[in-house]
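Novice: Sequence:
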Amino acid sequence: MRKILVIASLLLSASAHALTADEAKAIAVGEGDSRIEALRAAVTKPDDKTTAFIQALSDDAVKVVAGKPLIVKDDKGIDPVSGAEVALPDTAEDVMNNNRMRGEIDTALAALRLLSPDEAVRRDALKTLQGDVDESKLPLLDKAFAQETAPDLKDRLGQLRAAALLGSTDKVKRLEAARLLAESAQQATQTLLIERLKIETEADVKAALESGLRKVEARLAWGDRLGALFSGISLGSILLLVALGLAITYGLMGVINMAHGELMMIGAYATYVVQGVFHKYFPGAFDWYLLASVPVAFMTSALVGAALERSVIRFLYGRPLETLLATWGISLMLMQLVRTIFGAQNVGVENPSWMSGGVQLMGNLSLPYNRLVIVGFSLFVLASVAFLIGKTRLGLFVRGVTQNRPIAACMGVNTARIDTYAFALGSGIAGLAGCALSQIGNVGPDLGQGYIVDSFMVVVLGGVGQLAGTVYAALGLGILNKFLEGWTGAVLAKIAVLVFIIVFIQKRPQGIFAMKGRSAEA
Numbered sequence: 001m002r003k004i005l006v007i008a009s010l011l012l013s014a015s016a017h018a019l020t021a022d023e024a025k026a027i028a029v030g031e032g033d034s035r036i037e038a039l040r041a042a043v044t045k046p047d048d049k050t051t052a053f054i055q056a057l058s059d060d061a062v063k064v065v066a067g068k069p070l071i072v073k074d075d076k077g078i079d080p081v082s083g084a085e086v087a088l089p090d091t092a093e094d095v096m097n098n099n100r101m102r103g104e105i106d107t108a109l110a111a112l113r114l115l116s117p118d119e120a121v122r123r124d125a126l127k128t129l130q131g132d133v134d135e136s137k138l139p140l141l142d143k144a145f146a147q148e149t150a151p152d153l154k155d156r157l158g159q160l161r162a163a164a165l166l167g168s169t170d171k172v173k174r175l176e177a178a179r180l181l182a183e184s185a186q187q188a189t190q191t192l193l194i195e196r197l198k199i200e201t202e203a204d205v206k207a208a209l210e211s212g213l214r215k216v217e218a219r220l221a222w223g224d225r226l227g228a229l230f231s232g233i234s235l236g237s238i239l240l241l242v243a244l245g246l247a248i249t250y251g252l253m254g255v256i257n258m259a260h261g262e263l264m265m266i267g268a269y270a271t272y273v274v275q276g277v278f279h280k281y282f283p284g285a286f287d288w289y290l291l292a293s294v295p296v297a298f299m300t301s302a303l304v305g306a307a308l309e310r311s312v313i314r315f316l317y318g319r320p321l322e323t324l325l326a327t328w329g330i331s332l333m334l335m336q337l338v339r340t341i342f343g344a345q346n347v348g349v350e351n352p353s354w355m356s357g358g359v360q361l362m363g364n365l366s367l368p369y370n371r372l373v374i375v376g377f378s379l380f381v382l383a384s385v386a387f388l389i390g391k392t393r394l395g396l397f398v399r400g401v402t403q404n405r406p407i408a409a410c411m412g413v414n415t416a417r418i419d420t421y422a423f424a425l426g427s428g429i430a431g432l433a434g435c436a437l438s439q440i441g442n443v444g445p446d447l448g449q450g451y452i453v454d455s456f457m458v459v460v461l462g463g464v465g466q467l468a469g470t471v472y473a474a475l476g477l478g479i480l481n482k483f484l485e486g487w488t489g490a491v492l493a494k495i496a497v498l499v500f501i502i503v504f505i506q507k508r509p510q511g512i513f514a515m516k517g518r519s520a521e522a
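All the letters of the sequence shown, read from the start, carry residue numbers 1 to 522 under the numbering used here.
Since no wrong hints were added, every one of them can be taken at face value.
Straight-line distance between alpha carbons at most 16 Å, and here's what the computed EDC-like set of lysine to aspartate or glutamate pairs gives:
1. 154 to 119
2. 171 to 200
3. 63 to 94
4. 25 to 37
5. 215 to 183
6. 49 to 85
7. 73 to 85
8. 49 to 22
9. 173 to 204
10. 127 to 152
11. 73 to 93
12. 171 to 135
13. 49 to 79
14. 154 to 118
15. 63 to 85
16. 49 to 23
17. 154 to 183
18. 68 to 85
19. 68 to 90
20. 63 to 93
21. 127 to 155
22. 173 to 142
23. 206 to 176
24. 68 to 93
If you are wondering where the hints come from, they were derived from the structure by calculation, not from laboratory data.
Kindly produce the complete structure, drawing on both the sequences and the hints.
Specialist: See below:
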C-alpha cells in the first residue's frame, strides 16, 4: 500500500509540473530578462515536454503564431503542451535568441540532463554546469542528487549543490556551502571560494570561507605533489627504456654508440609503418596494432644494430674515440635515410582506444592510460633483460666475454658472435623504447637526439655495466627533474640535474653501483 501511495504521489507531482501554455509562452516570447526568469523556473520542475521544448529552442526549431509558440518538425507545427499537430502559416515568426539567452538555454539543458538514465550524458552535464549554477537550480540538483547512483557523480553533484548555496542570500545556507566546499579537491572550487571572499560581508561566513579555502588549497597541493611524482616516474620509465640498451652496448661491451638514439627512432618508425598496415588491411583490429608493433620494432632495430656491428663497429673495439666518431656519422646517415623515405616532417602515431583517457584520482590529478602502460611496459622489459642476462646461456656468455674475453674464447665461446648478439639485443631494446615513445608524442627524424645525452648520463650515474644502477639512476633523475621543474622551470631544472651528475661523478666516479670482481680491478 505504501509503494502504491508513493507511485501515486509521483504521478500527481509529474502531472502538476507538466509544461503549461503560459510557461511555454513566457519562455519563448517577451523581453530577455522575463524569458530567462521563466526558463529558470521551468527547469526547477522538469518533465519530458519541458525538456523537448527547451531542446527545440536550442535547435532554433520554435516559431510563434499569434503569440503562441509552436515546435517546428518536418515543416509542421506541434503544440509543445498537447503534442497535437497544428497548421503552420507563412506568417509564423522565428524566436530570436541572443547570446545571453543561448547560454541560459544550454545551461538549462545541461541541468535537465542531470536526470538522464545515461551516465555519460550526466557526466557531460556536470562538466557544462561546473561554475555556472545558482540557488534557482537547487530543487533540480537535489532531485538529481537523490537519484544518482554513481559515487563519484554523487560527490560532484554535492559540490555543485554547495556552489549553488554559496550565492544564497541566506547566511545559514552560505555557511553550509562553505563547510561542504571545504571537502572539495577541485580547482574550480578554489576559484569559486576566492571570488566569493571578495564580495562576502558577513565576518563568520568569511572566516568559514577562508578556512575552507585553506583546506582546498592543501588538497590541491598534495595533488600537485603526487602529479609531479607520477610525472617523474613516467619520465624515469622512458629514460630507463632508452638507457637499458646503452647499459648493454656501452656498459657491458664498452662501445660508445652515438647512433643509439637513431636505433630508437627506427623502432618508432617501425611502429608507424605497422599502424599504416593495420589502417589499410586490418581496420577492424586496429586497437591491437600496438601489440604487433612491439616485436616488429624490436626486430627491425636489432637487425639494423647487428648490421652496424658486423660492418663497422667490430673493427673499432678498444678504440673509444674512433667508435664515437664512426657511430656519430652513422647517426647522421640514418637520420637522412629516414628523411628520404618518410619525409622531414613529423608523423603521428595514434593511441589505441584502450590507451585513451586516464584515471582521475583527485580533482587536479589524472593518470593517463598511455603513461601507465609505458611504466608497466618498462618494468616488463627490465625484468626480461635481467632474466636474459642473469639466467640464460646467452647472458652467461655475454657476462663471460665482458669480464675476460681471452679466457672466454679459450673456453670455446665464439666471442665475435656474442658481440653481435649483445649489440643486436641493445639495439632491439632501443627499438622498444622508440615504440613506447611513439605513444606520447610525434615521431620524427630527430626523435633520438633529445634522449641520447640523458641516456648516457643514466648509464654513467648508475654505474657502468650495472642494470640495477640504471634503474635507480633513471627513476631518480626523472623524479628529481620533475620536482625541480615545479620550482625553477624546465631549463634551470635541466641545468641543475646536469650539475648534480657532474658533482656526483667527481665524488664517486664508479657511479651508484661499482662493478665487482676481477674486471673492476683490471
